[in-house]
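Colleague: Sequence:
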Amino acid sequence: MKKLNLGCGNVLMEGYINLDNNPNTKPDIIHNLNNYPYPFSDSEFDEIYLDHTIEHLEDSIRLMQELYRIGKNDCTIIIKCPHFSCNWFHPGHKTAISSKFFTFFDNKNIENYGKTDFKVLVRKLYWIRNGYLTNRSVAIKITDKIINFIANVHIGFAERVWCYWVGGFEEIYFKAKVIK
Numbered sequence: 001m002k003k004l005n006l007g008c009g010n011v012l013m014e015g016y017i018n019l020d021n022n023p024n025t026k027p028d029i030i031h032n033l034n035n036y037p038y039p040f041s042d043s044e045f046d047e048i049y050l051d052h053t054i055e056h057l058e059d060s061i062r063l064m065q066e067l068y069r070i071g072k073n074d075c076t077i078i079i080k081c082p083h084f085s086c087n088w089f090h091p092g093h094k095t096a097i098s099s100k101f102f103t104f105f106d107n108k109n110i111e112n113y114g115k116t117d118f119k120v121l122v123r124k125l126y127w128i129r130n131g132y133l134t135n136r137s138v139a140i141k142i143t144d145k146i147i148n149f150i151a152n153v154h155i156g157f158a159e160r161v162w163c164y165w166v167g168g169f170e171e172i173y174f175k176a177k178v179i180k
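Under my numbering, the final residue of the sequence shown carries the number 180; numbering is consecutive throughout.
Hints are supplied without guarantee of correctness; some may be wrong.
Said to hold, decoys possible - Okay, derived cross-link-like pairs now, EDC-like style, lysine to aspartate or glutamate, Cα gap no bigger than 20 Å in a straight line: (1) Lys-124 with Asp-106; (2) Lys-72 with Asp-106; (3) Lys-72 with Asp-42; (4) Lys-115 with Asp-42; (5) Lys-2 with Asp-51; (6) Lys-80 with Asp-144.
Worth flagging that the hints you see were computed from the coordinates, not collected in a lab.
Turn these sequences into a full structure, and let the hints guide you.
Modeller: Structure follows, in structure tokens:
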């Protein structure tokens with residue numbers, strides 16, 4: 001199984017090809033993700049992982065077209081990124097992502113970009129970025145669990161109305177499959 005960690009930063013994952021544009025992070029491959037095509041063959045990967053990477057790129061549409069190109073049929077795509085409701089806290093963010101993101105990369109949608117096709121398997125909102133609760137109070141941890149549960153019952157309602165009541169969501173998580 002061939003796996004790729006795009007925009008790895010300092011998180012080098014064992015069993016993955018780690019790619020980043022910063023040589024100081026010591027990735028396996030140094031490449032600017034805003035430069036296309038990526039240095040990989042068509043249908044090369046079984047899994048592609050992006051952890052808080054997509055929001056820093058110039059063109060999320062082109063990125064998804066490239067993920068489709070380098071992913072095999074049934075390739076698992078995992079994307080973690082800021083939800084649009086908390087995206088603009090960081091000055092380096094260029095793209096805001098909603099739960100509808102993959103809709104535009106589904107060949108059943110009339111507004112499909114780049115003849116791509118992905119099937120979303122999991123889509124979740126996190127009030128506090130997943131994995132970042134370690135040093136938080138018990139009250140915050142409990143509040144986070146409650147908000148996450150309620151928001152993920154109906155993500156559309158959470159995005160349209162509720163995220164403004166609770167201050168937005170730090171992270172949205174997608175797990176999808178490439179369909180070729």
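Colleague: Would you mind marking each hint as holding or not holding in the structure?
Modeller: Going through the hints against the structure:
1. Of the pairs offered as hints, the one joining Lys-124 and Asp-106 holds, with about 19 Å between alpha carbons and a cut-off of 20 Å not exceeded.
2. About 16 Å separates the Cα atoms of Lys-72 and Asp-106, which keeps this hinted pair within 20 Å; it holds.
3. Restraint check for Lys-72 and Asp-42: satisfied, since their Cα atoms lie roughly 8 Å apart, inside the 20 Å limit.
4. Distance restraint check for Lys-115 and Asp-42: the Cα-Cα separation of roughly 15 Å lies within the 20 Å cut-off, and the hinted pair is therefore satisfied.
5. Distance check on the hinted pair: Lys-2 and Asp-51 sit about 18 Å apart at the alpha-carbon level, within 20 Å; holds.
6. At roughly 17 Å between alpha-carbon atoms, Lys-80 and Asp-144 fall within 20 Å of each other, so this suggested pair holds.
In this structure, none of the earlier numbered hints is contradicted; all agree with it.
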